[in-house]
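Undergrad: Given next are the chains, with one letter for each unit.
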Amino acid sequence: MKKHTTYSTLLALVCASFFVSPAGLDAQQISRDEFDSLAKRVEQLEASVRMVKNTQIEGLAAEAVSAMPMDMADKESLIESVVNTIQAKEEGANFPWMDTAKWASLKKGMSPEDVVATVGIPTLNEPSMHKRVDFVYTYQGRRVATAKKVEGIIRFYKGKVVEVEAPVL
Amino acid sequence: MKLQKQLTAALAGAALFGSVANAEIPLTDELSAYGYIDLALTDGEGDANTETAVAEFELGLAFTPAESKWSAVAELSYDSNSNSTTTRGDGVDGIPNTADDTFTTTTTDSSAEFETVTITYAYSDELSFTAGNILSYQGFEAFDATGLYQFSAQGIGGGYVYSAGYAVGASADYTSGDYAFGAWVGDTDDAKQSYEFLAAFTGVEGLTVKAIYADDPGYETVNLWASYDIGALTFAVEYTSNDWEDDFTAGEERPEDIHMALVYYSLGDAGITFRYSGGDYENDIEFDRYTFSPSYSFSDNVFGLLEVSYEEVGDEDSTTLAAELIYSF
Numbered sequence: 001m002k003k004h005t006t007y008s009t010l011l012a013l014v015c016a017s018f019f020v021s022p023a024g025l026d027a028q029q030i031s032r033d034e035f036d037s038l039a040k041r042v043e044q045l046e047a048s049v050r051m052v053k054n055t056q057i058e059g060l061a062a063e064a065v066s067a068m069p070m071d072m073a074d075k076e077s078l079i080e081s082v083v084n085t086i087q088a089k090e091e092g093a094n095f096p097w098m099d100t101a102k103w104a105s106l107k108k109g110m111s112p113e114d115v116v117a118t119v120g121i122p123t124l125n126e127p128s129m130h131k132r133v134d135f136v137y138t139y140q141g142r143r144v145a146t147a148k149k150v151e152g153i154i155r156f157y158k159g160k161v162v163e164v165e166a167p168v169l
Numbered sequence: 001m002k003l004q005k006q007l008t009a010a011l012a013g014a015a016l017f018g019s020v021a022n023a024e025i026p027l028t029d030e031l032s033a034y035g036y037i038d039l040a041l042t043d044g045e046g047d048a049n050t051e052t053a054v055a056e057f058e059l060g061l062a063f064t065p066a067e068s069k070w071s072a073v074a075e076l077s078y079d080s081n082s083n084s085t086t087t088r089g090d091g092v093d094g095i096p097n098t099a100d101d102t103f104t105t106t107t108t109d110s111s112a113e114f115e116t117v118t119i120t121y122a123y124s125d126e127l128s129f130t131a132g133n134i135l136s137y138q139g140f141e142a143f144d145a146t147g148l149y150q151f152s153a154q155g156i157g158g159g160y161v162y163s164a165g166y167a168v169g170a171s172a173d174y175t176s177g178d179y180a181f182g183a184w185v186g187d188t189d190d191a192k193q194s195y196e197f198l199a200a201f202t203g204v205e206g207l208t209v210k211a212i213y214a215d216d217p218g219y220e221t222v223n224l225w226a227s228y229d230i231g232a233l234t235f236a237v238e239y240t241s242n243d244w245e246d247d248f249t250a251g252e253e254r255p256e257d258i259h260m261a262l263v264y265y266s267l268g269d270a271g272i273t274f275r276y277s278g279g280d281y282e283n284d285i286e287f288d289r290y291t292f293s294p295s296y297s298f299s300d301n302v303f304g305l306l307e308v309s310y311e312e313v314g315d316e317d318s319t320t321l322a323a324e325l326i327y328s329f
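Keeping their order, the protein sequence lines are chains G and X. Counting from 1, position 100 in the first sequence corresponds to residue 100 in the working numbering; the numbering is continuous, with no gaps. Counting from 1, position 99 in the second sequence corresponds to residue 99 in the working numbering; the numbering is continuous, with no gaps.
So that you can see chain X by itself, here it is in the shape it has in the complex (with noise of 0.2 Å):
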């Protein structure tokens, strides 16, 4: 529950953005700093408002002495809640765009969360225990940005559908060759703990398939992903069962299975992706949503995409465009 907890206040500020590690600044032997800055600007149809954000800026500090089996991270994320939403009003003849229409930005307030907070004994190459804030393994898309192939996350209204975030806990990782294990154990409101164990085999050149499994008093979540490069193209599904043990509005419980399917075309610092995602949401919800984003590397720091996504909701259709720019350092 606790996982779930901490997801939510994470989705709630910033929606899309969680925290991978990015360019280094040596700062000294033994510390670098890194993070990035992430602005986007987000259009919704039919309300009449673009919305622009300073979505995330995340600072981290690694420190990592070379000689030591002892090494920690600590990343500080400044969220999405310092957000600027403009609207537009009809003005004093009534009519919607005209040259009398008014404009009214408010700001919302900002906030500042930990992200990964680790410490980390290497006790050999190939296994490694870890404690502190860390980011769930459920999920093919990245919690943070500089790791999405697209603006939007593949759930309703471009939301995450994994069950967990980040918690505070421990862990085990083994990895050996085509192989990698790990395990985490969490403490969470109730006396009882969280858990999250996961399988990965990346022994084909280009495969990677990883099964996570999620036992916590609130949720129990399987979550099986794959992804394969060839040539240019990546393709990649994913399967999310999130079995939740509160009820939803009829009472009666139902499980969330969410399905995803994507393709990038890489055209060298180019790209575009195609998305479609869908299924149960919740208590009965069926939705679908394709997305389409076509993405540019102005260099190895910035990176810039634009994306239209299209989702049914029920009965309920809506479009929405979005842009981003990110520079990492």
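Isolated chain G, as found in the complex (with noise of 0.2 Å):
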């Protein structure tokens, strides 16, 4: 637990070295490099963020397993049983759509007002260049788990859904 606070403590201070001082920000000008070596550092940072929160999560779930009268395999699948309820949740919460039974629901001539109501609102809303296709809502996020890129993708014409490529979840 002490670790899991260190981990908390050293990124806390890190983001406010970036957002505390606005104002210092704005006085200077960056280079192109270091704009680049700071954009790297922010995905370096968002990476250890995941790993750091999938670890206490883990770290959570095992604490309080263990001191249930359980054998090492049953503790282990409740450990995974646990992560994966709030693995779930948080994915619930930021990303809807990732849910396969939502979009096995969806069907062709369906309106965007059906689509928004079953797998909530898109990433983007791009109209196509394709002359059978009016526009595109796109979803597109990570898992929490794995954080492997998923899309999908509902293209519209004349006002009804014609084709649905769901994500791969």
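The set of hints was computed from the structure by calculation and includes no laboratory data. Beta carbons are placed, not taken as given, at the ideal position from N, Cα and C, and that holds for glycine. Misleading hints may appear alongside valid ones.
To be verified - Pairs of lysine to any residue, SDA-like flavour, derived with a Cα cap of 20 Å:
| id | chain 1 | residue 1 | chain 2 | residue 2 |
| --- | --- | --- | --- | --- |
| 1 | G | Lys-160 | X | Leu-325 |
| 2 | G | Lys-89 | G | Gly-109 |
| 3 | G | Lys-131 | X | Thr-175 |
| 4 | G | Lys-53 | G | Trp-103 |
| 5 | G | Lys-158 | X | Val-263 |
What the hints assert, rightly or not - Label pairs and their calculated CB-CB ranges:
| id | chain 1 | residue 1 | chain 2 | residue 2 | range |
| --- | --- | --- | --- | --- | --- |
| 6 | G | Thr-100 | X | Gly-157 | 51 to 57 Å |
| 7 | X | Ala-183 | G | Phe-35 | 48 to 54 Å |
| 8 | X | Ala-112 | G | Thr-55 | 49 to 55 Å |
| 9 | G | Gln-140 | X | Gly-231 | 30 to 36 Å |
| 10 | X | Leu-267 | G | Thr-55 | 48 to 54 Å |
Could you fit the two chains together into a complex? Lean on the hints.
TA: So, in structure tokens, the structure goes:
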């Protein structure tokens, strides 16, 4: 637990160094190399946060289960179940469309309103150059557990769904 | 008249292209950017010239606050005045198409102009009010290259036949189920106003019918068109009548009457367009234009086409080739 607190403190300090003093950032210009370096650093930090978060979840679950009178196999199974539940809840909150059942219920002929009611607001809403497609809803995001990028696409013509490319979840 | 001038200016620069919403790149929750790049190559028969151009680069910004009835759009078009023309000379031997032929490239000036620049108030889901630089209601053929089934428009030389393009004014638009109605009013150079009215019907699956009437101190226009999708086919017919106030060369006032029929056949990502257009143009000039255009959608963002157009204007005939590649974002 102490290790996780240390990680969190370090991350908070690094993040604070970016955001606490916007006036200071405005006052000096940065070069393209510096910007690229910062972007790379942010990417690394995001990966670290993801790893720490997953480790924390697993650690908390392991700590809670360790006191229970169970054999090792049952404990591992329970931990995995708890972790999956927490990750699913986080995914459901951030990416409600990452649900195979929702995509399976989409049908050709549905209106944009029906689609939004089923899988939520799209990440992108883009008109298409295809003559038989007026606009395209794109749903993009990363799975919480694996960080795998997933994408779902729904195409509309004359106000109706004509094509669905469900995300591989 | 102002509408006409706007159109003339737009056609002089872009010849074919205008403004339609495109892809969206969310910049913030309330602001998104969109646009496209249009590359074109045209080759006129017999003139030994090949014209290549970045026909248009358009960038639009859309302000659409989620909880507000107000929204705004601003589009900047950098158009085809940035043309380069390559002319093939006969060289020292004076014989065309030999090894010593010379090539001369000239580049003309470029320009940037506003297209749709509007502020809209949505009174309800059905009724909205818009003010600003607004595109005319007229036309089956879109003002933007992204909305066309082929490269050229239906008029002589591939020009538009509509009497209006972009103009500053205000409009009220009402949409209810199968019907839509619109009215636009704008200022003109004299004390009179310019008006446009639209009625549209979409009550039959695949069918769109529109009727537009424009009354301006400089012209009076009736524009009627219908399109119908059935299976892989799209059929469209259009009639445009322009009654200009100004006389033409012989001092005879004569309305333009132009007809157009189009068939588009979709083969998945590929498509083929056949179009006929013709009629009386300006002062008793009769023309017929036949267009064949295969096209291909490489993705939702990238579209390419080829076009062959054969045209008869009075006793003259000509063939024009074109290739176009559009990237939208």
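Undergrad: Does each hint fit the structure? Answer for all of them.
TA: Evaluation of the provided hints:
1. G/Lys-160 - X/Leu-325: Outside the cut-off at roughly 27 Å; violated.
2. G/Lys-89 - G/Gly-109: Violated, at roughly 31 Å.
3. G/Lys-131 - X/Thr-175: At roughly 24 Å apart (the allowed maximum being 20 Å), X/Thr-175 and G/Lys-131 break the hint.
4. G/Lys-53 - G/Trp-103: violated (28 Å)
5. G/Lys-158 - X/Val-263: holds (18 Å)
6. G/Thr-100 - X/Gly-157: 51 to 57 Å: holds (55 Å)
7. X/Ala-183 - G/Phe-35: 48 to 54 Å: With a Cβ separation near 50 Å, X/Ala-183 and G/Phe-35 satisfy 48 to 54 Å, so the hint holds.
8. X/Ala-112 - G/Thr-55: 49 to 55 Å: This hint holds: roughly 53 Å between Cβ atoms.
9. G/Gln-140 - X/Gly-231: 30 to 36 Å: holds (33 Å)
10. X/Leu-267 - G/Thr-55: 48 to 54 Å: holds (53 Å)
Checked against the numbered hints listed earlier, the structure breaks hints 1, 2, 3, 4; every other hint is satisfied.
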